[in-house]
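Enquirer: Chains as they are written, first to last, in my numbering: chain A, 1 to 159; chain B, 1 to 556; chain C, 1 to 124.
Be a bit skeptical, because a hint or two may be false.
[Claimed, not checked] Some residues of chain C that are not near chain B, with every Cβ distance over 12 Å (derived): (1) Ala-58; (2) Ala-61; (3) Ile-63; (4) Thr-88.
[What the hints assert, rightly or not] Derived coverage of chain B by chain C (criterion: at least 3 residues anywhere in the stretch with Cβ under 8 Å from a Cβ of chain C; other residues may be distant): (5) 29–38; (6) 140–151; (7) 171–177.
[Unchecked claim] Facing chain C, a subset of chain B residues (Cβ under 10 Å, in silico): (8) Asp-67; (9) Leu-165; (10) Val-302; (11) Leu-306.
Don't read these hints as lab results, they were simulated from the structure. The C-beta atom is built at its ideal place from N, Cα and C for all residues, glycine as well.
Now for the letters of each chain:
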Amino acid sequence: MRGMSLIVKNTTRLVAGFIALFGAYIVLYGHVTPGGGFAGGVIIAGGLVLVVLAFGEEFSRRVISHEVVRTSESVGALAFLGVALLGYLGGAFFKNFLPLGDTGALASAGTLILSNLAIGVKVAAGLFGVFLALALFRRRGEKRLMVRETPAADEEADE
Amino acid sequence: MQNLLPFFVAVPLAGGFLMPVLGRLFASRRAAAVLPILFGAALLGLAVRLVLLPDADTPPYWMGAWDFPIGVSLVADGLSKFVLLVVAVVSFAALLFSMDYMTRYTSPGLYYGLFMLMLAGMNGVVLAGDLFNLFVFLEVAGIASYALVAFGTEADELEASFKYLVLGSLASAFVLVAIAVLYNVTGHLNLAKIAETFRASPGPSTMLGAALSESKGGLTVPVYLAAAFLLMGFALKAALVPFHAWLPDAHPSAPAPISAMLSGVLIKACGVYVLARLVFSVFAGAEVFGIILVVLGALSMVTGALLAVGQSDLKRLLAYSSISQVGYVVVAIGTGLVLLAWSPASAALGAVAALALFGGLFHLANHAVFKSLLFLVSGSIEHATGTRALERLGGLGRRMPLTAWCLRAAALAISGIPPFGGFFSKFIILLVLVQAAVLAHWAFWIVAGLALGVALVTLLYYAKVQRAVLGGAPSPATADAREVPFGMALATAALALLCLASALILHPAVKSRLVDPAVAVLTARGSAAAEEGATPPLASDAAAHTAQPDALGRLP
Amino acid sequence: MTLDMLPYLLGFLLLVIGVYAIIAKRNLIKVIVGLLVIDYATNLLLILVGYRSNTGGAPMAPILTPQLTPAQIARHAVDPLPQALILTSIVIGLSVTALVVALAIRLYDRYGTFDTGRFRNLRG
């Protein structure tokens, strides 16, 4: 997949960092303002998709390798499950066991911020992975018809 | 033990998240199966442990220690435990089978990950104590199954998965609309609380309810709308006619262990179980739902059997047979509900209703076991010969003795031949239908006649299957078929033994532990519609709390 | 039928449009769009359920700031529970959409067309 024109590339260079920052803000402040893990993760994934579209597939591998994307998706999900299981320390599955703090402050609401972080990572990695699977498969599948034993094409299986 | 309820969901979820990563680390595709099989065994052990505990020892588990009625709960009463055990048994057998069978597909990590997610979803549906959690877990299981049906990525499989996905999403959308309406009318999502609300006669609490209600003992018009949508949605998940269109394409196209899971447990855990739970507890056992279930079940029985006779693809025949047998289960459950609703009129009806529910649940467990065995055997056949077409098979009786005996066992069981368990469950259902016809209403004669006819047709087409696959001379496809590897053989043999052993459910010791609590749960709720004073088990935690305004200022 | 019911009726109309698209259209992408419309319709209905009019003033969002007490939120704000429900529902819809689009892409690769009339099994 080739990149796009010079204007797009320059704009992306300027904007991509801010998109990531904004996404991180939405994730971290999820317990105070609307947003949270899912919305912030989608924004970060959007930023990554923008980078891939503007610069092409090869460059995107240097930004973040596709293996890392797959792994961090699972890591995010396992972290969320870990937070839930840690709730056992407080007495019940999923219990909010960290101190609750004042309303409206960043350091409040106990485990919510950890859950938001985990979900943010998972959603960003997941959505970006979906984009990679769909976009890159199109490129590889252009020249061949159905062959079951092609590991590469099937690796990007329907997820 | 109550602390362990979340593990039914957490363990397969952990497996689902770990396997895509771990799958790429293992050298061989068979080694990737070890961890899922361990998880499956752990779940089986947990399920057995859970079943052995009486209901009083497993109160609802409140997640995050939020309390009734706003907390999210996991409820393990008799019915949930029963279905949970069935799910655990079949999934363990399917995992064992997958170890060798899935070597012909790529990406074992993704396969086991999706399998574990589907298992987590099903466990969640069975254990869910509130409506929205049920929906979420339903979707988790559903999405995992859509992806698994398309796992082989051949054209047929993709099309089947697409059709399944579209229809399944439609059903889920209907369920969500129903949840919206129910929330509007009752203001709660907790199943026990909603049941309580319908049992009393509340005034409608919100705008939509006020605009449309005519109070009929708590079940107002919007509630009937919600019930209709819920029935449509879950009837599609249970593949009842006329909502069955996705099943004959989806079940054959999936890899064999997934077909076993789909036919064996998914349509039951996500379909029949939820239907039973809803019409008995949430909708206060109104008889109209029972009548609807009987009609839909009878239609499914007949349509499935008639369409199965003409099939030439082994797995497609088994899929239509699934529709037919699930129809039996739903007819039994519907009959039980109708008789319970009428039971204040005559004491004998109550006993017949309990027997009907027992027969339905017994047949549910039986069908899970022998249909999954049949699909696993078809997987063995496909593994050995490479084909599913009945015309091209033949003479396998001598070449694959173990598989042949498993096939015979399953076919005899599902046709209802003693001493296999299938005979007893079908016999009980027929008996109940005749008794209902004599004691309650003449329309049950029609259903009884249909049930008998369908049983004979079932015998017919399974005899055809056995003759086509096992008898006759070996054909070119089967000439060099060899017996299957150890893992597959073990799984099929274990399930075949269970087919025979399931008759033991009739033994009082097993019955009282395993099925009676489930029947008690259903009859307690169904009859509570008739007797005002009864407190059903699920709402017993409600009785412990006095009426206080909840966090949003509404009175319960 | 009061005017209050109008949003609900329109939501149901949207649902019907989505169902029509699934049933009647032959192009795979249009079926997918029908699925999306159904998702939007159900989310819309769920949000509408949560609406509570703030007597006289504008509808209040259920955000807890240090200036408000929970009792005030309970009395005046829009019900936050359906909003949480539709967040979940949107995520589920996203996953289903991703899956169905992946299926559509692979089907296109097999058949070279999105027309379901050409597929072997997908009629009806």
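Enquirer: With reference to the structure, classify each hint as holding or not holding.
Expert: Evaluated hints:
1. For C/Ala-58, the shortest C-beta to C-beta distance to chain B comes to about 18 Å, beyond the 12 Å cut-off, and the non-interface label holds.
2. Every beta carbon of chain B lies more than 12 Å from that of C/Ala-61, the smallest distance being close to 15 Å; the non-interface claim holds.
3. Here C/Ile-63 stays apart from chain B, with its beta-carbon at least about 15 Å from theirs, past the 12 Å limit.
4. Some Cβ of chain B comes within 12 Å of the Cβ of C/Thr-88; the nearest lies about 6 Å off, and the non-interface call is violated.
5. With 0 residues bearing a CB less than 8 Å from a CB of chain C, the stretch 29–38 of chain B misses the requirement of three and the coverage assertion fails.
6. Look at the stretch 140–151 of chain B against chain C: 4 of its residues bring a Cβ nearer than 8 Å to a Cβ of that chain, three or more, so the hint holds.
7. Here the stretch 171–177 of chain B counts 4 residues with a CB under 8 Å from a CB of chain C, which clears the bar of 3, and the coverage holds.
8. Proximity of B/Asp-67 to chain C is violated relative to the hint, the smallest CB-CB distance being about 16 Å (cut-off 10 Å).
9. The closest approach between the C-beta of B/Leu-165 and any C-beta of chain C is roughly 5 Å, which is under the 10 Å cut-off, so the hint is satisfied.
10. The beta carbon of B/Val-302 comes no nearer than 21 Å to any beta carbon in chain C, farther than 10 Å, and the hint placing it at the interface is violated.
11. For the restraint placing B/Leu-306 at the interface with chain C, the shortest Cβ-Cβ distance is roughly 19 Å, beyond the 10 Å limit, so the hint is violated.
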